[in-house]
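Sequence order for the protein chains is A and B.
Quick note: the first sequence uses this note's numbering, first residue 1, plus one each step.
Quick note: the second sequence uses this note's numbering, first residue 1001, plus one each step.
Read the hints as simulated data drawn from the structure, not as lab findings.
C-beta atoms are modelled at their ideal positions from N, C-alpha and C, and glycine is treated no differently.
Worth double-checking, as some hints may not be accurate.
Stated by the list, open to error - If you anchor each label on the Cβ, the simulated ranges turn out as follows:
(1) B/Pro1049 with A/Glu865: 41 to 47 Å
(2) A/Lys150 with B/Gly1062: 56 to 62 Å
(3) B/Asp1190 with A/Asp732: 26 to 32 Å
(4) A/Arg651 with B/Trp1038: 30 to 36 Å
(5) B/Asp1190 with A/Asp513: 54 to 60 Å
(6) A/Glu865 with B/Val1031: 49 to 55 Å
(7) A/Asn858 with B/Ala1019: 41 to 47 Å
(8) B/Ser1053 with A/Asp513: 49 to 55 Å
(9) A/Asp732 with B/Pro1049: 52 to 58 Å
(10) A/Tyr85 with B/Leu1196: 37 to 43 Å
Stated by the list, open to error - Here are the simulated DSSO-like cross-link-like pairs (lysine-lysine), alpha carbons at most 27 Å apart as the crow flies:
(11) B/Lys1091 with A/Lys901
(12) A/Lys67 with B/Lys1202
(13) A/Lys897 with B/Lys1007
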Amino acid sequence: MGKKENKYWRSLGQLNNSPEYRKQLLKEHRTENSDDPNKFSRRNFLSIMGASIALAGLAGCRRPVEKIVPYVRQPEEIIPGVPEYYATTMPLGNSAYGVVVESHEGRPTKIEGNPKHPSSHGATNLFMQAAILNLYDPDRSDSVRFKGDKKKIDDFQKFWKEQLEKFDKNKGEGLVVFSESFSSPTMERLKAEFHKKFPRATWVAYEPINDGNLLAAIKNLTGKSLRPNYYYDKADIIVSLDADFLQTESESLSAAQGFVAGRKISSSDDKMNRLYVVESGYSITGAMADHRMKLKSSEIGGLLWALIEQLKARGININVSKPEIKSDFNSQWLSALVDDLMEAQGKSLIIVGRNQPTIVHELALTVNNALNNLNKTVGFLEDKESILPQKLSMPKLSRADTMVILGGDPVYNTPVSYDFQKILASTKNTIHLSEYYDETSQLCGWHIPRAHFLESWGDARAVDGTLSVIQPLIAPLFNGVSDVEFMSLTNSGESKTGYELVRESWSKIIKGDFEKGWRLTLHDGILRGSASEFTKSNLNIKKYSKPRETLYNVDAATNIEIVFQPSLLYDGRFANNGWLQELPEPITKLVWDNAALISVKTAGKYNLENGDIIKLVISEIEMEIPAWVIPGIADNSIHLPLGYGRKKVGRIADNVGFNTYKLFGGPDKMFFSGAVTLTKTARKYKMANTQDHNRMEGRAIFREASLDEYKKNPEFAREMVEHPPLKSIYHDYDYSEGYQWGMVIDLNACIGCGVCTIACQSENNVPIVGKVQVGKGREMHWMRNDRYFRGDENNPEIVIMPVPCQQCENAPCEEVCPVAATSHDKEGLNTMTYNRCIGTRYCSNNCPYKVRRFNFFNYTKELPEVMKMLQNPYVTVRSRGVMEKCTFCLQRIVRSKRTAKHEGRKVHDGELLTACQQACPTDAIKFGNIIEPESTVARKKSTDRNYELLAELNIRPRNSYLARVRNINEKLKRDTYRNDGH
Amino acid sequence: MAQIFPKWINKFPILIVLAVVVFFCSVTGFVWYFFSPWYTDVGYQPVQPVEYSHKVHAGQLGIDCRYCHNYIEVSPHANIPPTQTCMNCHKIVKAESEKLQPVRDSWISGNPIEWIRIHKLPDYAYFDHSAHLEAGVGCFTCHGNVAGMERVTQVKPLSMSWCLDCHRNPVDYLRPIDEITNMGWKKPGDQTEFALKVINKKGINPPTTCSGCHR
């Protein structure tokens, strides 16, 4: 055991070796009560049904008749058994993500990024991967309703025509459209039409999580509506102030790509960027930081001011007058940062999180300007055709006579102070277009089911201006109406198809031959050459004199502050998505719940343990929520993830977690301090957390070094473990021919976002199991992300490591299988034959990496019919009692090999991507033929940072890792990374 | 005292042993055959919704298999033709035939004809027609002489051991690509020589590990 602060640990329980932790350690698969408590027990069932099964058995011997149902008229392009790929676009707020969707005989099954699209570059984020599950969600609303009764869309149309007669006369007096934000040429066109037709009507856009503060700051300083575009790849020094730009900020996907591009090193001679993070919570951006400082969100403005003071002292010309603030921040840390910033002028980047007030954004822009970063690492793009979220004017809304709510769920996600319920109650006619018959729909008169983006025509503009079309892959499964169709209906009372509407807008967008341009755009997924010109010159940052707000400078460190943050469910719109609910949150590792996240010291102050329910009161509004301790969060800062605690959405979302919107102060006030009281209640709440699951105890698992240490000893990763020569008692199999598949995961590029897990789940038909089962350690993810803390419990570092099956050549699981259900193939894959497996679970016991998953129940049998359409037809759906694990996407390997063979060639390097690899935003995963010396994977494996997990066991894993390197500033002292076990 | 049992009773123990052996052998033999796909699956000949005769179409008229099963060289599935393919000819040929009523109904109503599946592999076995055709395995090898069947029947067991027979020894089963659909093709004298040449040229290496078919 090394020094305590030098160890890697997964939970406070492990660090302090608590009795609960030791108890959990003893049992890997807890088998107690294998019956689903909610159901008629299996044992009861067998005892009652035994006799009848015996009698019925004979009749069951008949061969079931299976039908083959061909097309009547076969569409020309469909070949049964060969998937098709279509480009479309996923809109999310003002962002647009280009995607390519795999479709099997007209049934979309998998979403991938579109390599041509600037917001995704072929990668995906969590929401893009998980969106396909929402398409088949059986809880989606399937009909028009009026006050709860099912109606037809014609009924609504009739009603609306009557209303329109009135509005045509009074120019839209009392008519309000309440929408989400969009960046869509067609929506913008329809909006303009709406305003033209109803000049007295109001249109408001609302998003609970938005960039309003940042955009306001840019507008204040430049006088224009511009959107920022950060060039992370061009920055040597990146300073993030409360900005989780790798996951929860806007455009995190391209940010992660840019950030990692400046960080990937292939040898010890390479340069890498340095990331400083100051944050109140613990985000994956904080985990990637080379230097991280925990600081309450309400003090971050103060810190930025202290930074400005230091920069001014070094002769940087920043024209701002000093407000009254405290500035007793860690001066050594600050001066080291300032040294770096001075050196990297024009190559640094300061970004501020969207939860910070406008003033902090303004200051940061000023600093970026003074450091000569504008037009180098920060660019601006003209904001065209966007419906941006606005500050709501509640009195205006409450005077409405008719309110049309376009998507969103304002009853759930607007601040309590807005009292949206009351506004709805006082409005005569309310109409809600929504995927679910949700909290808002149930209080509205009319509810119209909304189509999923994979079911509708539409268009979207990416942040850099690139235009793309949203094309449907399937007709609406639940009679949904798309946004553009509904808006057109609202304007005119006549229904037009989305196809007509979008083509109408695009007839003005596409230059030259329309049909040709249209088809090309649909094919590519983007309109070529539509990216905005980067507005380089004539950007004039106004002279900036005086802070208009002083929010940041009044806070005392001892005040409790509350910070709201988007969760894996974003703002709650993905709440009925089981994949996202069951994905362990990258830092907290909580599933199916949210909690008030607090630091170790805060927990000590209020005598709190994980799961203790606390009561938070802010100006007479109170809520109860369990506490969860995350080492490294700023003291006295309470983090409340949004999006949970839904009541009327669906089977997955309802009553999961706690609705933190109860305390929400609005999108421009994502945190506040003072006036918060915290009291502990006597009750506890049980949460499912995977942080202690699947341990590989006491070994050098995660290996990292500082850049200096790496330069001194490039072989550090391999030298961390010494072992005798590795000799096997079995004969070595000859793996020197054909394809020999292997994988490398670059821990320096991995940001720990968890997209690989969801991509794998989508590709491989991995079921969700629910909170209770996860609590028993029965989660089914083939690819997991292990999160380790390192160092002092009050300010630890975090590292995250993706662990799929390591595909050992000498696989320990294979030796113990009594029925040869798991065996090796010639290409070095450790394969599972599900139909042979009898469920002894010996293999899982013998697996040193704990990557095997067991089907304790028949998770897929009772899936609603519509969800069966989601399954990948080329992967077996497993049933109860069967072990499963990562196959390196065998179905993709087979498909690539077949294609190559048809074409009379070998599989090219880079042609075959596993699901996790394809989804990875930072290209951290490489896969290919390891015996071909020129393949990417072989070249990566031959680099000095390459190490195999638990290589000392002589199991020869085909997967290996590239050790992480942190670019440590030598002026900031830090413990070395030694080989000290975990 | 007279003997209670006659002398021939002495043979009983041997007879009992024999009877037990015969019994177990016959049970084994029974299960071996009657529980195997050779019995349960071979000969499956369901009545199809349309009395379609392969014998007439593929045999007498000599229509190539790939006229109807047209994606077989590019897709894992051997597609069943859409109604459209039937109507290509039957708009003109036998346009009034009573037997073709279901086909015309399907064409007019748009409801597909529901054929009954004959050759069926378990869901966990992934078979790829295109790969087998590519290698030069003929239709006949697995489906028998379909061109001679009035009503299609299964002639091979499609069991795993049957698959492996060929995968372990492909030499006997390969034929020239242009003979793939030929039902009357006979192995030439130099089959081994020919097959080895093809195997080398195309790099045919039929998988015998589980992952070849199960995933």
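Proposed proximity, A/Lys901 with B/Lys1091 (alpha carbon, max 27 Å): Violated, because 39 Å separates the two Cα atoms, which is more than 27 Å.
Taking the Cβ atom of A/Lys150 and the Cβ atom of B/Gly1062, is their distance within the range 56 to 62 Å? holds (57 Å)
That 41 to 47 Å hint for B/Pro1049 and A/Glu865 (C-beta), does it hold up? violated (24 Å)
Has the given pair, A/Lys897 with B/Lys1007, been kept, meaning a C-alpha gap of at most 27 Å? violated (74 Å)
Take the C-beta atom of A/Arg651 and the C-beta atom of B/Trp1038, compute their distance, and say whether it sits inside 30 to 36 Å. violated (47 Å)
Status of the given 41 to 47 Å range, CB of B/Ala1019 versus CB of A/Asn858: At 45 Å between Cβs, range holds.
Quick check on a hinted range of 26 to 32 Å for B/Asp1190 and A/Asp732, using CB atoms only. Hint violated: Cβ distance 38 Å, outside 26 to 32 Å.
CB-CB spacing for B/Val1031 and A/Glu865 relative to the 49 to 55 Å hint: Between A/Glu865 and B/Val1031, where Cβ atoms are some 38 Å apart, the hint is violated.
37 to 43 Å as the expected CB spacing between B/Leu1196 and A/Tyr85, which holds or is violated: At 39 Å between Cβs, range holds.
I want to verify a distance hint. Is the separation of the beta carbons of B/Ser1053 and A/Asp513 within 49 to 55 Å? holds (51 Å)
Restraint check for A/Lys67 with B/Lys1202, where alpha carbons must lie at most 27 Å apart: Given pair A/Lys67, B/Lys1202 is violated - Cα atoms ~36 Å apart, limit 27 Å.
Should the hint that B/Asp1190 and A/Asp513 are 54 to 60 Å apart at their CB atoms be regarded as holding? Because 59 Å falls inside the window, the suggested range holds.
When the structure is compared with the earlier hints, violations turn up for hints 1, 3, 4, 6, 11, 12, 13 and for no others.
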